[in-house]
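Engineer: For reference, the chains in residue letters:
Protein chains: 4
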Amino acid sequence: MDFSPSERSLALSEQLRRFLREEVIPAEPAYHAQLAGGADWRGWRQPQVMEDLKARARAAGLWNLFLPDATHGAGLTNAEYAPLAEIMGHSFIAPEVFNCNAPDTGNMEVLAQYGSPAQQQRWLEPLLAGTIRSGFCMTEPDVASSDATNMAATATVEGDEVVLNGRKWWTTGLGHPNLKILIFMGLTDPQADPYRRHSMVLCPVEAPGVRIERMLPVFGNYDEPAGHGEVSFDNVRLPLDHIILGPGRGFEIAQGRLGPGRIHHCMRALGAAERALSLLCRRATSRTAFGKPLAALGSNGDIIAELRIAIDQARLLTLHAAWTIDTQGIKAAMSLISQIKVVVPMVAQRAADAAIQIHGGAGVSEDFPLAALYAYARVLRLADGPDEVHRRQVAKLELARQKREAA
Amino acid sequence: MDFSPSERSLALSEQLRRFLREEVIPAEPAYHAQLAGGADWRGWRQPQVMEDLKARARAAGLWNLFLPDATHGAGLTNAEYAPLAEIMGHSFIAPEVFNCNAPDTGNMEVLAQYGSPAQQQRWLEPLLAGTIRSGFCMTEPDVASSDATNMAATATVEGDEVVLNGRKWWTTGLGHPNLKILIFMGLTDPQADPYRRHSMVLCPVEAPGVRIERMLPVFGNYDEPAGHGEVSFDNVRLPLDHIILGPGRGFEIAQGRLGPGRIHHCMRALGAAERALSLLCRRATSRTAFGKPLAALGSNGDIIAELRIAIDQARLLTLHAAWTIDTQGIKAAMSLISQIKVVVPMVAQRAADAAIQIHGGAGVSEDFPLAALYAYARVLRLADGPDEVHRRQVAKLELARQKREAA
Amino acid sequence: MDFSPSERSLALSEQLRRFLREEVIPAEPAYHAQLAGGADWRGWRQPQVMEDLKARARAAGLWNLFLPDATHGAGLTNAEYAPLAEIMGHSFIAPEVFNCNAPDTGNMEVLAQYGSPAQQQRWLEPLLAGTIRSGFCMTEPDVASSDATNMAATATVEGDEVVLNGRKWWTTGLGHPNLKILIFMGLTDPQADPYRRHSMVLCPVEAPGVRIERMLPVFGNYDEPAGHGEVSFDNVRLPLDHIILGPGRGFEIAQGRLGPGRIHHCMRALGAAERALSLLCRRATSRTAFGKPLAALGSNGDIIAELRIAIDQARLLTLHAAWTIDTQGIKAAMSLISQIKVVVPMVAQRAADAAIQIHGGAGVSEDFPLAALYAYARVLRLADGPDEVHRRQVAKLELARQKREAA
Amino acid sequence: MDFSPSERSLALSEQLRRFLREEVIPAEPAYHAQLAGGADWRGWRQPQVMEDLKARARAAGLWNLFLPDATHGAGLTNAEYAPLAEIMGHSFIAPEVFNCNAPDTGNMEVLAQYGSPAQQQRWLEPLLAGTIRSGFCMTEPDVASSDATNMAATATVEGDEVVLNGRKWWTTGLGHPNLKILIFMGLTDPQADPYRRHSMVLCPVEAPGVRIERMLPVFGNYDEPAGHGEVSFDNVRLPLDHIILGPGRGFEIAQGRLGPGRIHHCMRALGAAERALSLLCRRATSRTAFGKPLAALGSNGDIIAELRIAIDQARLLTLHAAWTIDTQGIKAAMSLISQIKVVVPMVAQRAADAAIQIHGGAGVSEDFPLAALYAYARVLRLADGPDEVHRRQVAKLELARQKREAA
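Residue numbers (full-length UniProt numbering), protein chains in the order written: chain R, 1 to 407; chain D, 1 to 407; chain F, 1 to 407; chain P, 1 to 407.
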């Protein structure tokens, strides 16, 4: 259990923190000013300031840090990347600046690990270069997607083609003007072993039959220009070589993709929680009521202490999960990955909620990023499996472990 | 402790529930479709469907039910009105349909109880008729307004004029096209007894020196066309007769205004909580995962039970507060009013959060009113005094009571 | 929903409160001093001071107040008795002083309502007089008794006899020197409709085959001289007329017995919660740390406020349940009875825990009744159905209600 | 942040776990059977089985593992000892078996680190040999001891003597038949700098003026034969060389003593939490209700998951605190030490409470160690500073840190 960051990770942390402070945070207002606004994604545009920041980040070597594959990316372990992801979590726009934003990160990992050379050349290269964006199509509107076996969309093999049908939603990035490629997961062989039934298919967004239906607001925000959207697939016909790793390998790929992705999500959420706590403390010491700074009133001290404790615990658990993936593989880390997925978003939600409360009305407005932090954390309790599914998984593994030990 | 609704209240309940089901809920989509959208309140407009609904509600006698004054309003007690307010809480647009929406209700109460005949004629009459809207200017952006003594805005008496200066925010209704009048609270005599320092002044929105600065989003929503806004007062000069009840009487009026207002808020919030629970139960029984309806999975049954219990308890407490105001006056109900202000918004927030969780991604989108319900409940934990101030008040009164009993 | 106590109830409340303050509380030390101590119930004895108090309470007319049957008892409704039960909850020894202690109350109710004249003469009369004590044998050590259908003990009809076999535990009062009669619940006809399978049988404690196995400590305390015990029944043969109401009527009786019993339990627990809160407030104002009374430090004010709110809500819910039983019958009150059973013991537990915390080490010692209050409340979350079973019931009824309303 | 146990620690863990399983756990019934019972400590005796176990543990080299001083003890770092302390936490009698029980551990550390050669020879030697027991006298009954400056007992220097006066309680081990020495903390110079006012004095228990007043039950248990007691000091005169490190050095010593002690407490409490969770899981899978194992009912799975998560997080935090003490010293670990003191006892309490609930009545009886585990965890929230004081400390340090970072 050695979670100490490596020298390289430490050096990158310092560089990243400086870049964030000097370049990213100051650019936030310009970024928001350059957004077009509104529910209609057709008018969304990529702010130029983002492209400028990306260029500078890339030049500084702060690029594709998430990718453990040293050929295509930084070649950091999960434990090495984790503190970097936390730093990026301090600003909503930071992950994209460093080409480390979901879902592109997961998609790039999939392509780097499982993609054919042709798939890599066509899609991985531009993604690594940050010139295109991608989406991931898993969740469906008409079923409880928390149970993956409910998946109703199909990826049927017909001759040398695979035909996609169905409706997906909460595809992040769907509204982005640079979106070019979707990874679609669908049912291929209902008779196969449950974990061999589904395929992952690379589907260009302009393929005939793909239709972006609408963007979905999250607590009223569209997270422009990436957005989260609903997309229908109506007899979308693609060559068989668009299937990643071949028919029926979808779950196998998903397993490998989700572990590190959850580490990234959680570390970024911890960065968000730290930012909320930091804003909370600043407000608590700068405003006065009943003759005292807010920090000295009522439960506020306890709230600060409890958040400090919760964040520190959650970070250690996440580092433990990262270290376990690195040293023992995904399978050994299954419970830990579900554990952090339950704990961290809730800690971030609590931190944002407490910070909102101490800010009063200002907390729910846009004068502070707190309402947005709250929405972000809240959604994370649903994305990549809701809390309930992960608790279920943790309980199952714990009961199995206890049974083994009692034997 | 007789909380039984009177026959009149029962009859109105039934009528109201029918009107809500048959007229209001079906009109919600049209209402939203007729909104203009955006952050710029200058373009906001009152949907025609609302005016139509108001006309029908008024014709049906479902009008000004909140006003205990029988001359100007329905003449119901707080306990009689409470269940009606809960029914209105099921739809965001319902309160205005029945001319029972905050802050006009509180402003009308103030004018009915404390206004001079001239003030009543000029402002109360059109408010009762629903032809104009009003705002209430208390909270300030630059101080912790949870401590009312922090109030920095001034209402200075100069000769036969009162001069208003300062900046207020979270004035609900500030963006409404029909907004005509503001009730402004400011410091008049810093040397007076703390509860005799402030005045409430009627300030027409078009008075020179009044400037609407901006509208404030709540979790990204502007609650158009009423909105919540920031407004500055720069040497606004008004005749002395614009002061309600005379200089230095502001806190006296506030006390009388806030008690019933909190009952209304809480009962409406209970209606919102019931709606959230109802949506939760519907989703829990209509979606299936792991081979079972969601209601049968994990903690979902317990969540439903806990919400049922929490809502029922909170309602009884609110009815108790209403009954206490009616039978023993505001002063005897001080602790209870603070108690419900702590409990009810939190129950509504919990209900909305639980309902969101069971809806998955749909819960945070606009496909269901849950994100809006959540934002509404969340803000209520800050409005009219944050939870912290009310808990502080409850504790203070409890310690005083215990001391008396021990003596 | 008129929870106002009747004039008779109010008068009894006042009388009871005075008796408690002047007679019962001052006698507590003598009572404890007269106990024999230890795990061996054979040496337990009834303190003389209890018999003296009983005589005075009876003379004062404060006797059998729990019994709604006016022929045998006070003839008060549940709503009338509820506040009296709360007052008794302030002292552990009070209920017995007034002959209102469980499980004798429930057993007397059963006999008054369902007992034959012969059963009433033999057992009800001396119980009403307080000269004997009784036990109730339902829970079993070898199965999860939260599911009543798990019950394994048998009450088999053989000719004109009923034969009892099995093992029961948590029979309160089993160690009492005056214990004479047990009400035993067992399976009579496994083939019958599930709610017609069990019988309730009056079993004298000295019947051959009845064997008191041991007393069970609760957090180390035996609650002497009543105690809670384990008892085995080994071919205990009794005449058929010892079955109450006849074979197979056990559940029917249990339903009638448990509703009011839960009201009593909950109201007493609220009395216990009030006592804990009162001790908490006294300590909070009489001890000083960091230059301030404890009440002014950290979250202590909020804790006091939250307890005040929780107790008041729980009391209103319990009164609502009592009123519903009185006016609409047990069946209409099913959800409410389960609701209070979930809420009230938890509130009492929280109050005791918070009071312990503020007392520091003194709180867990015997210098204050707080550890005992805690244990009492904690056990109540298990007795008469654990929280889990009641939440399950509330959820089931709520889902059914929602379904009806949606239809 | 390398928490990996060293090879030596790993080897000791394995040895310890085996010894626990093969020797200690099987001896628990004999140990309890050899206790004398009751409130009167004069009759308490040390069970022979404990002395036998101690002899075997010592022979096996499992002795004084807690002592970082390699001359007198095992010479393990805090991080190395932490997992061993957790293992000992699985059985109440284990710590003494390995001569690693509080408060002797803390007292031995003090003597090893600060004791004069004469003090070490007279008291440390027999303590290390396990032939005598010691107590620590800090908390006082008449003041809020959570604020150390409230301490009223005095250690007055008069010529070549120090004179002790005052009353202490919650001195663990006070009732032990082998108790020989107390470490007494008292006020020496009220005018000195606040952290130089107090002295720690070695006071033989048979010194004239020392009077054991009584033993204090914890939730009804006396924790015989060690016990927790109240002791008065009435003009106890001792030679000046009984002061450790000299007059006014008490706080300095206390600081050094409490850090590692809290690590030990917390790791043992985690062992206790694991035992509770293990019992919970066993019950959840071995009992059936409503046709399913309890583990599959309602929230039980979620409860198991939440406990697994909470324990794992709390352990990582405790290891982090241990590692920080080892690598950066006590001062750098101040916040972490307070953090674990808040978190771990609460986790253990929650685990015990949840395990009690799933065991039903059996959970609060002595058939399982759960009620005792609960009491142990509950007391730990008060001992060594109540939660409140530690949260206060964490908040203070966090606000200071945030201020530094913002600057």
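Be a bit skeptical, because a hint or two may be false.
Put simply, identical chains are the same to the list, so a pair is met inside one copy or across any two.
[What the hints assert, rightly or not] With a straight-line cut-off of 25 Å between C-alpha atoms, the simulated DMTMM-like cross-links for lysine to aspartate or glutamate are:
#  : residue 1 : residue 2
1  : LYS292    : ASP193
2  : LYS180    : ASP147
3  : LYS54     : GLU14
4  : LYS331    : ASP223
5  : LYS403    : GLU161
6  : LYS331    : GLU158
7  : LYS396    : GLU213
8  : LYS292    : ASP241
9  : LYS180    : GLU51
10 : LYS403    : GLU274
11 : LYS180    : ASP223
12 : LYS403    : GLU306
13 : LYS331    : GLU306
14 : LYS331    : ASP2
15 : LYS292    : ASP69
16 : LYS292    : GLU206
It should be emphasised that the hints constitute simulated quantities derived from the structure, not laboratory data.
Engineer: Hints numbered earlier in the text: which of these fail when held up against the supplied structure?
Structural biologist: 2, 4, 5, 6, 7, 8, 15, 16
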